[in-house]
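**Q** Letter by letter, the chains look like this.
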Amino acid sequence: MFDSIEGLSLNSGTASNQRVTKRASAEDWMRRLLIAFACLWLIVGIVLPLLDVVDKATHAEIVVKIEEPTEQEKLEDSFRGQINVGGHAVILTMEDDKKETLYINNKPVKTRKRKGRSQGEIPGVYAEIADERIEKIVCSVVQPDITGKDVLHVSPIIIERTKEQRWKVNDKLLSLGDNVMVIERFIGMVNFFDYFGIKGITQSRTFMALGSIFLAGILIVFFVFTLIRPTMPFNQNGMLTIGILILLAFQAISSIEFLTGHMEDSGLTQSVWNSLNVGLATTTISVTLAFLYAYGIHRTLMIGKTFCRIVAMIPLFAPTMLYGLSLVYMFGHKGVVTTGFFGYYPWLAWDIGLYGFTGIVIAEVVFTFPPAFMIMLVALSNTDARLYEASESLGAGKTRTFFKVTIPSIKFGLLSAIFVSFTLSFTDFGAPKIVGGQYNILAVDIYKHVIGQQNFGMGATVSIILLIPTVLAFIADRIIQRRAVALVTARAVPFAPKADRMRDILFSVIGMLIAAFILTMVFMAGVASLVKMWPYSFTHPDRYPQIWTLKHYLFDDVGGGGYRAFWNSIKMAGMTAVIGAFITFTSAYLIEKTKGARLLKQVAYFLSILPLALPGLVIGIAYIFFFNKPNLSIPFTGIEFSNPFNLLYGTMAILIVCNIIHFYTVSFLTATTALRQLDKEFESVSDSMAVPFYKTFMRVTVPVCFPAILEIAVYYFVSSMATVSAVIFLYTSDNPIAAVAVVNMDDAGDTAPAAAMCMLIVFANVILRSLAELVGHFFKQKTQAWRAR
Amino acid sequence: MDRNSDNGNNDYFLEVRNITKMFGQFTALSNISIGIEQGEFVSILGPSGCGKTTLLRVIAGLEEQNTGSVWIEGRDVSREPVASRKLGIVFQSYALFPNINIIGNVQYGLNRRQFTAAQQEQRSMEMLELVGLEDQASKYPAQLSGGQQQRVALARALAPSPSLLLLDEPLSALDAKVRVFLRSEIRRIQETLGVTTVMVTHDQEEALTMADRVVVLEDGKLMQFATPKALYGSPENAFVAGFIGGMNFLTDSIGHDPQSIFFGQYKLQTEPGRAADFQGRPVTIAIRPEDIRLIRDSSIDINVLKTKVDHIEFRGSLYTIHLQILNKGGGAIGQFLEMDLQVEAMESMEISSQMELPIHLPPERLILFKAKKAS
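Just so you know, the protein sequences line up as chains A and B, in that order.
Start counting the first sequence at 13; every next residue gets the next number (my numbering).
Start counting the second sequence at 9; every next residue gets the next number (my numbering).
Calculated directly from the structure, the hints in this document are not laboratory data.
As the structure is a computational prediction, the values presented were derived from the model and not from experiment.
A few of these clues could be false.
[As the list claims (entries may be wrong)] Straight-line Cα separation of at most 20 angstroms, PhoX-like style, residue types lysine-lysine; simulated pairs:
#, chain 1, residue 1, chain 2, residue 2
1, A, Lys-794, B, Lys-336
2, B, Lys-336, B, Lys-316
3, A, Lys-792, B, Lys-336
4, A, Lys-707, B, Lys-336
5, A, Lys-77, A, Lys-184
[To be verified] Derived coverage of chain A by chain B (criterion: at least 3 residues anywhere in the stretch with Cβ under 8 angstroms from a Cβ of chain B; other residues may be distant):
#, stretch
6, 86-100
7, 643-657
8, 693-700
[Said to hold, decoys possible] Anything over 12 angstroms on all C-beta distances counts as not near chain A; from chain B, calculated:
#, residue
9, Arg-65
10, Ala-68
11, Arg-93
12, Gly-112
13, Asn-113
14, Leu-118
15, Ser-146
16, Pro-168
17, Pro-170
18, Asp-299
Quick reminder that beta carbons are idealized off the backbone N, C-alpha and C, glycines included.
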């Protein structure tokens, strides 16, 4: 602002005082164009599908069906036409006395003549009849659920016969030969209130309730703010705090009263609490264990550090269903532990009540352990040993040092681990699907609504409910990470633990126990997949003499696609890895190393970070809506055109796009970190020598960042192989997916083949990882010369 | 400071006119104008944060100025991208491509359309010979020492025959001995090729020994643009005086007539006419430590100050004596002077701490500045 004003005032002076904007070269335009293209694809991949989720959740689909009698029927029958709209049936018949009779919802309705037409009406439905025909219907109350009693007030739906004898629904002509039309009506938050079992609220009350919740939210934020900064100038003597507390209490009470007043028993509400419980319990256990494990590895002289490090990473290779299956084989009805080793050691029998909360939490702890552990380990390694020496020299004891040095230095990592664990466990679908039993959680609810009941509106609604905590965690994490400042300077001294017998033994035991548990969780299902008839091969060896078999790996007589699904998954993961690594690294490079175009870069960066907040299920459901739409329209303009992305629906391409988006942020941040380690001036050097940027990108940036690119590709491959949440909505029988096959086989009771498929996925991932290690090793050797020092 | 821009268009090889650069509300460069002649070696000198690197980056086109223009060979290049300015740049970090060997780095900027592969190699080898690294051609940057990397960066910048060479703190990352060696190396290479060069540095010794002329910047403002000798001998303002070499400042002085100034109870003579602008005004008197004289005979009776030796520092080839100035009655007035003294003089005078020592300030050595308002 200031510059331009100054520039203007000086314009009257010499010409050289005008603001100088450098002419953008062709290369600059090319870079900007590429960034804009990156934004565009992320918008298509994230923003538009998400908007469709919101759209589906807040709109009801109302079916209009028109039936008219054939000429034959007119002569022989009394039937003169039927129109169904929003759960109402309007029927016109000619009764015996040749009198027109109008039925609405199976009840005769009185009509009166006006302007040559008969008019009949019940609350919400109005009909006009003339010449033994239905001429017009206006409907403003619909029943979204035919079996229920609930009604919704919507803006009127007008069905009219035109002069050309065609039907028109809200100014839209029904195509010839067609008698069904689906129109959308805005219903606001009704679905959400429905989900929480709050019924019978009108639109206006909906918005009031929404407003009060919003207000309460603002007050809470404000209250927290006054707590953090009690010295705020207007916070005189804490009066403001107390005032806000009173308001808050008042607001909360009235909101709760209002909502509970309309609440009926609903099993669905329970799943919100269940999901939260699972998320919180998992986070507490997982982060605690990850901290102990990482602490042991970094700060003590425990034995088997390398072994523990490797084992901690193994769960990354497996789909979460695997932990569910392993748990079933250990603690399920016929599990090893539950049956006391098949009755051989009855005194060891222990039924932990696996199905439900317990099982889900155990599986989720294993699932969230690797990322939590990695974050904790990085946080612990980013500490300066000199701080500990200083603390010791100042006479602080171990406990004091722990709370004054260790905790503050890892607090950002700790918070990050908490958010990651919570988001992952709150939104996971695979394990709860296997061991959840009757314990409903949100992710499984979405699946049931979409796959089971084909109720997409409700699926979208639950998706948004699922999104709320994850988006909040995402925002909180972003704010905290922005505050995190590097505590470690270049001169920091790495920490070297000293021997402490008791502590070392303790952490060795803890580390070994955790590692052993992880290995058991991964390989229990593998062992079970080799057993011919679980558990009878053990309990009745006389009748089932053969115990071990590979037949479950043949996938004969089971659904899901068998090896076709497996190889298809490999193909999908491979293509995701190659295309994903290319797109991610190139975008990160353009955003990180382009000068100017700040706004564009910020938009691109934001869009690149956004997928982290999106659970796979939400991406999957969003993709159904967006890619399945026949037409796209530009809001407020009325322009509509056929959806070009519709072509992708049901193909391999949509699975790849979905996986790239699902795992985009982590890859993007890896690429960004690698790029930031490069000299800032590489671009300036090549600019000054008039070397085009893509040459430097290919000749310098890519080779130097090759290890990071390899890492990104492996991450894409491994994650795409293991994930089930997003692709479960998008696969087709032409494109079967191994992870989905696991779910389907388990659903069908084919537990052993399901376990076998999980093991194949793990093996594929381990093999790929090893190959990547080999390539990385080879690369390192070949480039040792320039990586020296 | 605008005088250079009034000289018409074609006198200078590189001309910077009225450059102003803002970072948000912060003014990094304020109305800078300088003209540099063909083949000249100019150094931009100033304390850290003064905007010297920003000025270099504006000249290079790596930063956009808010106002003002940059002219190279009489052509306004303000709106040109870096690539079309025909520059060679050596960055502080050298920014050598780690995965490309030395000769590959040097020929990186040689265009395929202008040079055949053989010519590229020949040109690169010439450049490497020039910097004395022809035997390192197939090594990688990480295998060379810091000083060698610096020379590779120089060879790479020079290979495409730029008309202008820009050096951004080229020696700051090296240790003292290598630095001294490279100073003369860079100057030798620059003179061999006759390429106009602008170098940014915060090290005044580097600037004074290498450059034909020096631009002194402070807080984004041009303080002085002159030869090293002129900067030292006749600084235009107190900042330059204090920044280049050691300098004593005496405050609480008021101009009396065109050739004398009151300093406390003393009246100091200056060169005739030098004090003309300061009559009746507060003034700061500056004198270099080596210009203060001891009084060895009684013939000197002007500009004599009574002082007491505060403490003595041994500096190897000379001594620095810290003096406290006394008024005529022998009381301290709270102002101090540093005087450099040869070892021989020191020993013959038997100077020791706390002794009283009259000194002489030669009138022709006194430099006068307008006193700052605050003091």
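**Q** Does each hint hold? Answer for all of them.
**A** Quick rundown of the hints versus the structure:
1. Distance restraint check for Lys-794/A and Lys-336/B: the Cα-Cα separation of roughly 80 angstroms exceeds the 20 angstroms cut-off, and the hinted pair is therefore not satisfied.
2. Between Lys-336/B and Lys-316/B the alpha-carbon distance is near 12 angstroms, which keeps this suggested pair within the 20 angstroms criterion.
3. Among the hinted pairs, Lys-792/A with Lys-336/B is inconsistent with the structure: their alpha-carbon atoms are about 78 angstroms apart, more than 20 angstroms.
4. Between Lys-707/A and Lys-336/B, the direct Cα distance comes to roughly 76 angstroms. Violation of the 20 angstroms bound is thereby established for this hinted pair.
5. Note on Lys-77/A and Lys-184/A: the hinted pairing holds, with a Cα-Cα distance of about 14 angstroms set against a maximum of 20 angstroms.
6. Under a criterion of three residues with beta carbons nearer than 8 angstroms to beta carbons of chain B, the stated coverage of the stretch 86-100 of chain A fails, only 0 such residues being counted.
7. A count of 0 residues in the stretch 643-657 of chain A with a Cβ less than 8 angstroms from any Cβ of chain B is obtained; the coverage claim is therefore unmet, three being the minimum.
8. Counting residues of the stretch 693-700 of chain A whose beta carbon lies closer than 8 angstroms to any beta carbon of chain B gives 7, which reaches the threshold of three, so the coverage claim holds.
9. Non-interface call for Arg-65/B relative to chain A: violated, since the shortest CB-CB distance, roughly 8 angstroms, does not exceed 12 angstroms.
10. With a minimum CB-CB distance of about 7 angstroms to chain A, Ala-68/B fails to clear the 12 angstroms threshold, and the non-interface call is violated.
11. Distance check for Arg-93/B against chain A: the nearest CB is about 8 angstroms away, which does not clear 12 angstroms, and the non-interface claim fails.
12. With a least CB separation of 9 angstroms from chain A, Gly-112/B falls inside the 12 angstroms interface cut-off, contrary to its annotation.
13. Asn-113/B, annotated as away from the interface, has a beta carbon of chain A within 12 angstroms; the closest lies near 9 angstroms.
14. Not every CB of chain A is more than 12 angstroms from the CB of Leu-118/B (nearest about 8 angstroms), against its label as outside the interface.
15. Residue placement check: Ser-146/B does not keep its beta carbon more than 12 angstroms from all beta carbons of chain A (closest about 10 angstroms).
16. At roughly 6 angstroms, the least C-beta separation between Pro-168/B and chain A is not larger than 12 angstroms, which violates its mark as non-interface.
17. Taking the minimum C-beta to C-beta distance to chain A, about 8 angstroms, the non-interface status of Pro-170/B is violated against the 12 angstroms cut.
18. Under the 12 angstroms C-beta cut-off, the non-interface status given to Asp-299/B relative to chain A holds; the minimum distance is some 42 angstroms.
Violated hints, in rising order: 1, 3, 4, 6, 7, 9, 10, 11, 12, 13, 14, 15, 16 and 17; the structure is consistent with all others.
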